[in-house]
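Novice: Protein sequence lines correspond, in order, to chains S and V.
Numbered according to the numbering used here, the first sequence spans residues 4 to 375.
Numbered according to the numbering used here, the second sequence spans residues 4 to 375.
Just so you know, not all the hints are guaranteed correct.
Same chains, same label: a pair holds when it works inside one copy or across any pair of copies.
Straight-line Cα separation of at most 30 Å, DSSO-like style, residue types lysine-lysine; simulated pairs [what the hints assert, rightly or not]:
{"no.": "1", "residue 1": "Lys368", "residue 2": "Lys151"}
{"no.": "2", "residue 1": "Lys307", "residue 2": "Lys346"}
{"no.": "3", "residue 1": "Lys248", "residue 2": "Lys356"}
{"no.": "4", "residue 1": "Lys189", "residue 2": "Lys357"}
{"no.": "5", "residue 1": "Lys240", "residue 2": "Lys368"}
By construction, these hints were calculated from the structure, which means they are not laboratory data.
Since the model is a prediction, treat every value here as computed from it, not as a measurement.
Protein chains: 2
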Amino acid sequence: MSEQNRRKFIKAGSLALAAGVTGAFASCTTEKSPIETPNINFNNNYQWKMVTTWPPNFPVLGQGCKLLAKWVEQMSGGRLKIEVYGGGELIPSLECFDAVSHGAVEMMSGSGYYWAGKIPAATFFSSIPFGVSAQQMNTWILNAGGQKLWEEIYAPFNLIPLPGGNTGQQAGGWYNKEINTIEDYKGLKIRMPGIGGKVINKVGGTSVLVAGGELFTNLERGVIDATEWIGPYHDYKMGFHRVAKHYYFPGWHEPGTVLEMAMNKDKYNELPKDLQEILYAAIMRLNQWMLLEFDAQNAIYLQKMIDEGVDIRAFSPEVLAPLRQASKEVITEMIDTDSQSKKVYEHFQAYRKKAEVWSKVSEGKGASSFKV
Amino acid sequence: MSEQNRRKFIKAGSLALAAGVTGAFASCTTEKSPIETPNINFNNNYQWKMVTTWPPNFPVLGQGCKLLAKWVEQMSGGRLKIEVYGGGELIPSLECFDAVSHGAVEMMSGSGYYWAGKIPAATFFSSIPFGVSAQQMNTWILNAGGQKLWEEIYAPFNLIPLPGGNTGQQAGGWYNKEINTIEDYKGLKIRMPGIGGKVINKVGGTSVLVAGGELFTNLERGVIDATEWIGPYHDYKMGFHRVAKHYYFPGWHEPGTVLEMAMNKDKYNELPKDLQEILYAAIMRLNQWMLLEFDAQNAIYLQKMIDEGVDIRAFSPEVLAPLRQASKEVITEMIDTDSQSKKVYEHFQAYRKKAEVWSKVSEGKGASSFKV
């Protein structure tokens, strides 16, 4: 990737910083109470807006949202059109939640942990450190009861959330210092959001928030010692391998991050039944597509990095064990102070317990421990 | 599950044995050349049939096909209705391929290895012993080029194949004899279809084909020494834990079996663009749903088995290594005698090579071997 393209990419990577319209928007739905009987009026047209927390045309994430809009338009024969806006194009990224909650915008693509300030439990629907795989997050949410709880905690905000993509297993991050023992985190300044950041603080490091567009320079100039981002595909395009010494795995803080598609409940209810189903199916298709696209591209870009001699490392069990312990402590603090978080996390843990036995046994690992 | 229900389930499990209509069917499509412009005529209705290789109302598989029909009907506002038939209800299961190929029926749900007699390479689109996970099969097919090859090999039969579900990691099977070394397969009679069966024969066992409905009795009476089926959910309902001593994992022969939804190409092309997209999205939604449902139910039923004291075992590395070697030999024989199989398998292997490095590194395993 040329220097110019890299800079362009990094610029696009700047999250949520462009100024945007923050007033109320006119909803473009052409009529208020469509017929909801089986006799659908195929002449009613709907024009929706989707705001996203991703930079415009961000690979996989922004790209997927545009695909969804295309699928919905094709399936509805043009009756439901969705205009997709990158972060900052219509409103700043982190205002998406409020805009959709108030109905100024019909839907958004983001991830639960962005709204942890409003709904602490939302973070459990995006990423849980030392949690489960992407597939298991999907199973928990869609086929093992998680969805009901998710809807419950978003209901007061008039939002319907759905899993609308998954990054799969993320990378541990780029470090300019070797991490051989947990002591090496002492004084380390790393960009890491969410629960992961709190874990870093607990083991003696300092987690900082840096916008995507500034990460490369901050890492290059030593303003930060390390950063996590996503995985080989996006990380390669950011050029981190040119300014950081080591690329660590696994991304213990994000083992399978769920991306969220949330809709304003009233706007959704205004749609006739067929368009509701079309939207739902498109989101499910997107949910699968994003995970597979991450999986496909990460494999390709990891190989590129290996070919280019990037120093790829694995955190040792001696480093992972105290991080796991610190994660438990951070989560315990969360659920001790918020009953909704407690309810969601306990539901997750009950699923996880069974899922881990199944995963272990099905892969033929340690099944002897389950013998009579 | 009561004895009566178990028998009912087992009876339903009888695959492809009921007599069925084998003549030509009238297609119920109401018109031959729908408008394919953006101005869709919402008044054209289509009535499709889907034949399946699964027993009627078979959990997850048959159930999922009925869900798909419901989704399509809702999304299309009733313009595309699909009648789903269990195996043997309209035609015998193994005649599905021909019926859809000839256009007597519009679509079918099955799995590629059922058609290995017609298209040897089709088996690589369902299950490859010691292959990759369900997610990786999906990535290979949908996001890494596999789909194009699949369409290529089905094109002469006028069929469009798509992944329409996945069983996830299957179980190794029920054995009345301990398998401690590869020698224990000598003389062992086991029900195992596909490439797995050939592998069994290569290591000295005898693979036999037994219809689902006869498995329980054959195992009980010692007609066979072992059988594979699917995974904890379906296996529990079949009651195998009552007549077999050991339940072995992993299902090395089926690490993530792709289920196939195939459509007659002419019938598909007759649909207006919006219904084509609706059908595609519904199949993608089904593809995800089935995998997650297997994942959710298998975890629950494995726990039931553990609670009931089922003897769950893991094949030792000493048993798996020669099985892996025998699998390689069987596949080599396949690709040496069929150029299409060679092309498909080499494409799969190229994907797999990258995917395995990514999977290993992302989980933080052995990444040191990729260090410069």
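Novice: Which of the stated hints cannot be reconciled with the structure, identified by number in ascending sequence?
Specialist: Hints 1, 4 contradicted; others consistent.
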